[in-house]
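Work out the full structure: start from the sequences and follow the hints.
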Amino acid sequence: MDRHIPFERLHNFRDLGGYPTRDGRHRVRPGLLYRADSLGKLIPGTPDWDRFLALGIRTVIDLRHPWEARSRGRVAAHPSFAYLNLSIEHRAYDQAAQTADVDPGPYLAERYMEVAEDGTKEIRQALELIADAKDPLVYHCASGKDRTGQLTALVLALLDVDDQVIIEDFTLTERATPHLLADWRERNEGRSPTWPAFGRAPAAVMRLYLKALDSRYGSTEGYVDQALGMDATSLAAALRARLLEPSG
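The sequence shown begins at 2 in our numbering and counts up by one.
Just so you know, these hints were derived from the structure itself, not from any lab.
Ideal Cβ positions, reconstructed from N, Cα and C, are used throughout, including at glycine.
Watch out, some of these pointers could steer you wrong.
List of simulated lysine-lysine pairs, DSBU-like, C-alpha gap at most 30 Å [stated by the list, open to error]:
#1 K212 to K122
#2 K135 to K122
#3 K42 to K135
#4 K42 to K122
Computed Cβ-Cβ distance ranges for the label pairs, DEER-style [what the hints assert, rightly or not]:
#5 P45 to L85: 16 to 24 Å
#6 W68 to E111: 19 to 27 Å
#7 T100 to L54: 40 to 48 Å
#8 A55 to A204: 30 to 38 Å
#9 Y84 to E111: 26 to 34 Å
#10 D51 to R192: 30 to 38 Å
This is the structure:
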């Protein structure tokens, strides 16, 4: 299934609706929760902008560093939605500059654990916003893969979606990789990243990240309780009430 919503300038905009819970009795309700690459690429007055507004999104969460939003642009202001910049990554790193011998699985999974433990305040805020939102919401980072993928994994796990489905959702960025590479080259005078894995989303990354969360905290719920200081049971119940519907 191709979950990507077609845009001219966005390459990794997806609806999380339709994913089933482990018991198969419920699924994520379509049209309520979206994940994306940088919405700063949207240009008001274009078909892309009109398509975005037509989704009825009322909250935009930008997971990038503030300097990224300043230098590469944030989504244009519009009265129909609120914009919040919650930078969950506190230690910036340069994926494009990595060398070919760097295995993306363990390398990115380790970076994800850094984010999970550094960005607890912002991750908590993002989860609260998602649980409390009454209307469609989108969150994004630069490519819609790493920071966006981490938040997606937490939400889907709390919705009781199976780990394998979470991993498969992560890998869907692979369909956008050629476009993400083209964007990077355009920003960098036609050069290519030195890291062959740049823009890629191999399953091993998310598999190792979920395994690391379980090893350190016992479960995703344990991470929410211990690291985020939230009541995982109450949070999961709120997310499920808002985002799940009966299957079929």
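Checked hints:
1. K212 to K122: holds (22 Å)
2. K135 to K122: Cα-Cα ~22 Å, so holds.
3. K42 to K135: OK: K42 and K135 at ~26 Å, within 30 Å.
4. K42 to K122: Holds, because 27 Å separates the two Cα atoms, which is no more than 30 Å.
5. P45 to L85: 16 to 24 Å: Given range 16 to 24 Å: holds, Cβ gap about 19 Å.
6. W68 to E111: 19 to 27 Å: The hinted range 19 to 27 Å holds for W68 and E111, with Cβ atoms some 23 Å apart.
7. T100 to L54: 40 to 48 Å: holds (42 Å)
8. A55 to A204: 30 to 38 Å: At 33 Å between Cβs, range holds.
9. Y84 to E111: 26 to 34 Å: holds (31 Å)
10. D51 to R192: 30 to 38 Å: The hint (30 to 38 Å, Cβ to Cβ) holds, given that D51 and R192 are roughly 34 Å apart.
In terms of the numbered hints stated before, the structure departs from none.
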